[in-house]
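Undergrad: Could you build all of it, start to finish, from the sequences and the hints given here?
Read top to bottom, the protein sequences are chains A and B.
The first sequence stops at residue 248 when you use the numbering used here, and every number in between is there.
The second sequence stops at residue 248 when you use the numbering used here, and every number in between is there.
Do not rely on the hints blindly, as some may be mistaken.
Note that identical chains are pooled: a pair holds if it fits in a single copy or bridges any two copies.
[What the hints assert, rightly or not] Here are the computed lysine to any residue pairs in the SDA-like style, where the Cα-Cα straight-line distance is at most 25 Å:
{"hint": "1", "residue 1": "190", "residue 2": "127"}
{"hint": "2", "residue 1": "190", "residue 2": "101"}
{"hint": "3", "residue 1": "240", "residue 2": "198"}
{"hint": "4", "residue 1": "190", "residue 2": "119"}
{"hint": "5", "residue 1": "190", "residue 2": "208"}
{"hint": "6", "residue 1": "240", "residue 2": "214"}
{"hint": "7", "residue 1": "190", "residue 2": "207"}
{"hint": "8", "residue 1": "240", "residue 2": "185"}
{"hint": "9", "residue 1": "240", "residue 2": "133"}
No lab work stands behind these hints, which were simulated from the structure alone.
Just so you know, these numbers come straight off a predicted model, no measurement behind them.
This is what each chain is made of:
Number of protein chains: 2
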Amino acid sequence: MTETEQTERSSARMNAFFDHVRVVLVGTIHSGNIGSTARAMKNMGLHRLYLVDPVEFPSREASYMSVSASDLLDTAVVVPTMMDAVGDCALVIGTSARERKIQLPTARPREMAERCVQRFEGQEIALVFGREDSGLNNEEMRLCHLHVHVPTSENYSSLNLSAAVQLLVYELRIAALDHLDQANDGPVWDSPLATAEGLERYYKHLEETLIEVGFLNPAAPRQLMARLRRLYGRIELDQMELNILRGMLTEIQKTIRGERNT
Amino acid sequence: MTETEQTERSSARMNAFFDHVRVVLVGTIHSGNIGSTARAMKNMGLHRLYLVDPVEFPSREASYMSVSASDLLDTAVVVPTMMDAVGDCALVIGTSARERKIQLPTARPREMAERCVQRFEGQEIALVFGREDSGLNNEEMRLCHLHVHVPTSENYSSLNLSAAVQLLVYELRIAALDHLDQANDGPVWDSPLATAEGLERYYKHLEETLIEVGFLNPAAPRQLMARLRRLYGRIELDQMELNILRGMLTEIQKTIRGERNT
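TA: If you want it as structure tokens, here you go:
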């Protein structure tokens, strides 16, 4: 498709939304995919690219495939682990297609995009894409709050990595054009949302407490923490709520340990 | 993105719709784009590819980029002019982005897809993509009934050819899933949802426990239970999750009361 004058101008509000959205590529094997991801992002108005432990970067192939989006490669943030890339995010969206024992909440790309725009405007959002051959591992998958599934054909379901990025950032742009470009202001939540790091601290605290009360046997944990992560991960907890949940655990521990001075 | 079992089955009606849709590439310069177009089509359930006067075809690069969609290259129809490729079509959709003196009706990809599915089911439809550098010429453009415009960013509007194909055939698949495939319900949750009564019992149990651990003062309850209701109320808890939460409270109470026989 050729250059066009008939593009869509982004409003200031839309640009501000995109300032808070990052694309995270985890363990990318083919550096050409990093370049075509950068191009797909810039075509749709996104600019923040994170690379978790890429096999080769910087690379000539990535620069070549990015065409006129090499500025996104220049400003890409390279980090060793996925937690480094998403720790401060309120919404972490995973796109690995592997089936899991415990199902994460799953959305189509369109629902995902609507949710990002309508509920998470101004919050940090990460769109995470796994390795070309094996996707995200279980530990990485656990950091996601939502799983996006592109409804591909049963005859050939394996999307190219940058094609998957293209579809998701396109849906995000369409949702932003539809919702943020009008003066239409949605309801605003009354407290900032919890971050992925804050949630991780809560899960750790919860696990300790459940061991103390004998509900969780560390020798045979089964799927308990995974189920609780799925449960709390989909609430979109705000920071005040997270403080309440942490406070409850602290009081339970004090009572059990006889540390209460009542 | 990896292979997935969680694909979407196409209904017979949807497959019949796709049997009448062709993708037409006009004067494609880079044969790799022919291959990635084939992959994008097959990922979305399409299979009819027409090539108008391609610069190089068959080609090794096209086969390589098609990955597991080389069957679409084997059955591709190569013709000398665009008229040969679209002459029998009821709807010819052009995607060249160059401005014209006489403007065609223009649609976004989503509107285009809705229109194809709702008005042209069973009719022959052609999605036509021009040359990478110069798009469709005026004579080719005149054969189109509708012009599709992808709302790219004003900072970088030039989409890769196969990325444009990917977006349009994706929209076609989503519209087909939404309208032609009513039997196809979204992903099913693995346990029935909790009832309102079950939730009320949980809130009562939670309140008791919070009083026992001294986190909730019945004389000055403030907004604590209201906040916790808002929190748990929006999770759409399933019954197994509710059982886990109730079980946690029971173990906490036993521990506090010294009723545990460990």
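Undergrad: All the hints need checking, so say for each whether the structure fits it.
TA: Outcome of the hint check:
1. In the homo-oligomer, the alpha carbons of residue 190 and residue 127 lie at most 25 Å apart inside one protomer (17 Å), although the nearest pairing across protomers, at 34 Å, exceeds that limit.
2. Taking the closest pair of Cα atoms, residue 190 and residue 101 never come within 25 Å of each other, the shortest separation being 28 Å inside a single copy and 32 Å across copies.
3. Within a single copy, residue 240 and residue 198 get their C-alpha atoms as close as 11 Å, and across copies as close as 12 Å, so both meet the 25 Å cut-off.
4. Proximity of residue 190 and residue 119 under a CA criterion of 25 Å is satisfied in neither setting, with 31 Å inside one chain copy and 48 Å between copies.
5. For the homomeric pair residue 190 and residue 208, the shortest alpha-carbon distance inside one copy (16 Å) is at most 25 Å, but the shortest distance between copies (28 Å) is not.
6. For the homomeric pair residue 240 and residue 214, the shortest alpha-carbon distances inside one copy (22 Å) and between copies (21 Å) are both at most 25 Å.
7. Proximity of residue 190 and residue 207 under a CA criterion of 25 Å is satisfied intra-copy only: 14 Å inside one chain copy versus 27 Å between copies.
8. Taking CA atoms no more than 25 Å apart as the test, residue 240 paired with residue 185 passes inside one copy only; the shortest distance there is 21 Å, against 27 Å between copies.
9. In this assembly of identical chains, the alpha carbons of residue 240 and residue 133 never lie at most 25 Å apart, being 37 Å within a copy and 37 Å across copies at closest.
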